[in-house]
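Q: Listed below, chain by chain, are the residues.
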Amino acid sequence: MTATARETVLGRIRDALALADPREVTVERAYRTGRTLPDAQRLELLTDRLVDYKARVRVCTADRTARTVAEALSARGARRIGVPAGLDPEWLAAFDGEVLEDSAGIPAPRLGDLDGVVTASAVTCAETGTIFLDGSPDQGRRALSLVPDLHVCVVDLSSVVAGVPEAVARLVPERPTTLISGPSATSDIELERVEGVHGPRTLEVIVRTDA
Amino acid sequence: MSSSPTRPDPTHPDGSGRSGGGTFLGLPAVPPRSPYGTGNLRGDRAFPRAAREELGNEQLRRNLTRATHTIRGKRLAVTGELPDWERLREAGSAIKTDTMNRLPELLEELERKVTERGGTVHWARDGVEANEIVTRLVEATGSDEVIKVKSMATQEIGLNEHLESRGIAAHETDLAELIVQLAGDKPSHILVPAIHRNREEIRDIFRDRIPGVDPGLDAVPAHLAAAARAYLREKFMTVPVAVSGANFGIAETGTLSVVESEGNGRMCLTLPRTLITVMGIEKVLPRYRDLEVFLQLLPRSSTGERMNPYTSLWTGVTPGDGPEEFHLVLLDNGRTAALADRIGREALNCIRCSACLNVCPVYERTGGHAYGSTYPGPIGAVLTPQLAGMDAAKNDPNSSLPYASSLCGACFDACPVKIDIPSLLVELRHQHTEQAGTTAEKLAMKAAAAVMSRPQLFTAAQKAAAPARLVAGRDKVISRLPPPFDGWTDSRDLPAPPRQTFRSWMASEEGAAALRAAAEEGRRSRDGRGGRPDDGHDGKHDDDRPDGRHGDPHHGEEER
Ligand code: SF4
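In order, the protein sequences belong to chains A and B. Mind the numbering: the first sequence is residues 1 to 211 in this note's numbering, read in order. Mind the numbering: the second sequence is residues 1 to 560 in this note's numbering, read in order.
Quick caveat, the hints were computed from the structure, so don't treat them as lab data. Be a bit skeptical, because a hint or two may be false.
As the list claims (entries may be wrong) - Cross-link-like lysine to any residue pairs, in silico, SDA-like; alpha carbons within 25 Å at most:
#, chain 1, residue 1, chain 2, residue 2
1, B, K186, A, T202
2, B, K186, A, R193
3, A, K54, B, K74
4, A, K54, B, E145
5, B, K74, B, G56
6, B, K74, B, P221
7, B, K74, A, L45
8, A, K54, B, H223
9, A, K54, B, G73
10, A, K54, B, A77
11, B, K74, A, L191
12, B, K74, A, G112
13, A, K54, A, T202
14, B, K186, A, R56
15, A, K54, B, K186
16, A, K54, B, T79
17, A, K54, A, A104
18, B, K74, A, E195
19, A, K54, B, R72
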């Protein structure tokens with residue numbers, strides 16, 4: 001009977017470990033975890049990072065969400081936008097353009113015809129300026145926040161945590177998760193940074209301080 | 001804080017995997033290297049010769065110097081701002097070591113989780129088998145095209161060439177990889193593979209090779225990037241199969257991860273109907289939580305950013321979101337051979353950040369092509385010989401790789417998972433000299449290895465003659481090596497002859513001491529002790545190593 005590749009590879013690994021004893025090791029998580037920072041500091045840190053990544057940051061209170069979303073969209077000249085099915089319709093109350101509610105059946109090229117997309121977010125890491133999307137109904141499938149050229153992303157300050165460990169602890173592993181730290185970028189040509197290659201070339205972040 | 005002591009049971013209670021594992025009567029067998037003559041783990045010239053040819057390339061050297069110094073500066077800034085950077089490195093190193101100790105169970109767990117979530121797991125003994133599996137999967141979709149995310153594993157196995165031979169076009173979608181592919185080049189750096197090309201060349205490549213590109217295209221990087229965007233967008237929207245690598249695969253949850261900048265990764269991982277991911281077996285991580293360490297270590301060490309623009313995490317198949325079919329190909333291709341070496345296995349901890357390339361004085365002068373392998377620089381010099389062997393053929397170019405270093409130690413200092421690359425190089429040199437042919441040759445190599453393994457002696461030798469160094473430091477000249485090494489340098493037209501020959505140095509007091517040490521070490525290994533040719537430094541990560549490497553004020557990254 002010939003061994004399957006699986007049996008062979010696992011057998012080789014066991015042989016290798018038998019031939020050379022494992023080095024005993026203890027994983028010490030002595031790095032910073034479970035940090036908390038006051039609202040003002042998290043906001044300041046996050047804003048600094050996002051601006052560094054060339055994202056536009058707008059700060060507002062929850063009652064001004066609709067107005068701020070409309071401002072962000074009109075500042076970029078967006079007339080046709082896509083939204084995930086679970087997005088709070090109130091957020092678009094001040095937007096007078098065309099809104100497409102996304103669904104799995106809409107082919108990706110149609111998303112490319114949109115001027116932009118508005119989504120919520122799952123959690124955000126202040127220290128690295130990283131927004132995590134996890135495919136929840138108010139964030140939608142991954143293609144929606146990827147194909148259009150403008151992404152307006154609403155971040156609630158209560159979901160902004162200090163560092164990476166605090167953010168990872170809040171994730172649901174089974175959900176398709178995308179970490180976004182500014183608009184896409186490349187430095188592949190003579191190391192000169194070019195913002196915006198394949199993902200949305202413009203990232204507008206709206207931070208809601210009391211949400 | 002948590003801890004997880006690990007020490008797998010060497011008696012293998014689970015016999016099922018071993019029965020087919022090449023063992024005979026229960027004796028462990030040494031796992032095979034990547035098969036000779038396959039994939040991209042071996043150049044056609046030994047390092048010194050290749051390096052000498054690359055040194056003639058002024059543009060390469062200028063671009064490399066600029067790139068490595070820029071990234072190095074950014075890396076130091078963003079690693080320096082984290083007060084717990086060293087603790088993150090410790091944790092990263094420990095997690096990887098723990099992973100290697102428990103590799104069988106972790107891979108089985110990963111397989112189970114991916115399968116539970118609707119994915120299919122395939123195992124490949126080597127690159128040839130992985131290429132076959134991927135080709136079969138692509139053919140089953142009916143597509144004759146695939147889009148690709150930059151992946152070192154698929155480059156290592158030569159997947160693109162294989163697909164091509166079977167009538168399947170593989171489109172690289174990372175900008176630098178696209179440039180390299182369109183130009184018919186090989187990548188020269190892990191992170192910025194097209195760094196050897198300047199903007200005018202890239203403009204010309206695009207004008208010649210991208211169908212329908214504006215003939216008036218200029219050389220402004222933003223315009224070049226826009227041209228690539230337009231060309232690739234059509235591919236993203238139409239090609240139904242993507243092939244990716246993976247930075248991490250989480251055993252606990254079955255989650256795979258790709259870390260990137262441009263969004264081409266997200267496109268490939270999200271839009272096609274079928275996704276095929278090729279992952280080296282060493283890329284598995286035990287827990288989802290381990291991401292909290294590596295998502296800090298990798299971007300800061302790699303691009304010198306606090307975080308890279310995009311990271312994708314996916315687990316199997318999610319209905320209504322992304323590919324409907326997901327295949328994970330787990331690749332050995334010499335990794336188990338590396339794992340069988342107690343010292344060498346540390347190279348498997350590498351997370352491919354490229355920080356060691358950016359601090360290496362040898363890499364900076366020769367560039368990535370000289371190494372002849374997908375994996376260049378310091379990590380390539382230790383990983384390549386272990387995956388593919390160094391004596392698979394007569395005059396195997398890989399046997400020169402462990403000497404492609406001045407053992408300055410900068411790579412060790414930069415490495416986010418604390419791989420002691422200099423010690424690994426010394427060990428490989430030792431192994432190579434053990435395998436050398438004639439007695440005279442053996443002795444000379446042994447002496448050289450003994451010298452190179454003792455940084456004080458080595459430094460003294462360099463000062464005396466610069467003979468044992470393959471690439472000279474500040475004067476940017478490759479110096480001549482004594483027999484039997486001179487065949488490697490093949491350099492009759494030396495720009496600057498050494499001030500003193502290796503022979504005369506060997507006749508000196510230091511040389512004599514090195515010879516004695518080599519002889520003594522030979523006796524010890526004959527006695528079955530199997531010692532290494534260094535100063536009792538046993539491969540532990542002691543920062544206060546007694547060998548003087550860290551005592552040199554000119555070592556490391558603060559140098560420039
Ligand atoms: S050896 Fe260390 S520094 Fe070099 S690429 Fe691998 S992880 Fe990075």
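Q: Hint by hint, say whether it matches the structure.
A: The hints, checked one at a time:
no.	hint	result
1	B/K186 to A/T202	violated, 32 Å
2	B/K186 to A/R193	holds, 22 Å
3	A/K54 to B/K74	holds, 17 Å
4	A/K54 to B/E145	violated, 35 Å
5	B/K74 to B/G56	violated, 28 Å
6	B/K74 to B/P221	holds, 21 Å
7	B/K74 to A/L45	holds, 19 Å
8	A/K54 to B/H223	holds, 18 Å
9	A/K54 to B/G73	holds, 20 Å
10	A/K54 to B/A77	holds, 19 Å
11	B/K74 to A/L191	holds, 12 Å
12	B/K74 to A/G112	violated, 35 Å
13	A/K54 to A/T202	holds, 9 Å
14	B/K186 to A/R56	violated, 38 Å
15	A/K54 to B/K186	violated, 32 Å
16	A/K54 to B/T79	holds, 21 Å
17	A/K54 to A/A104	violated, 31 Å
18	B/K74 to A/E195	holds, 18 Å
19	A/K54 to B/R72	holds, 22 Å
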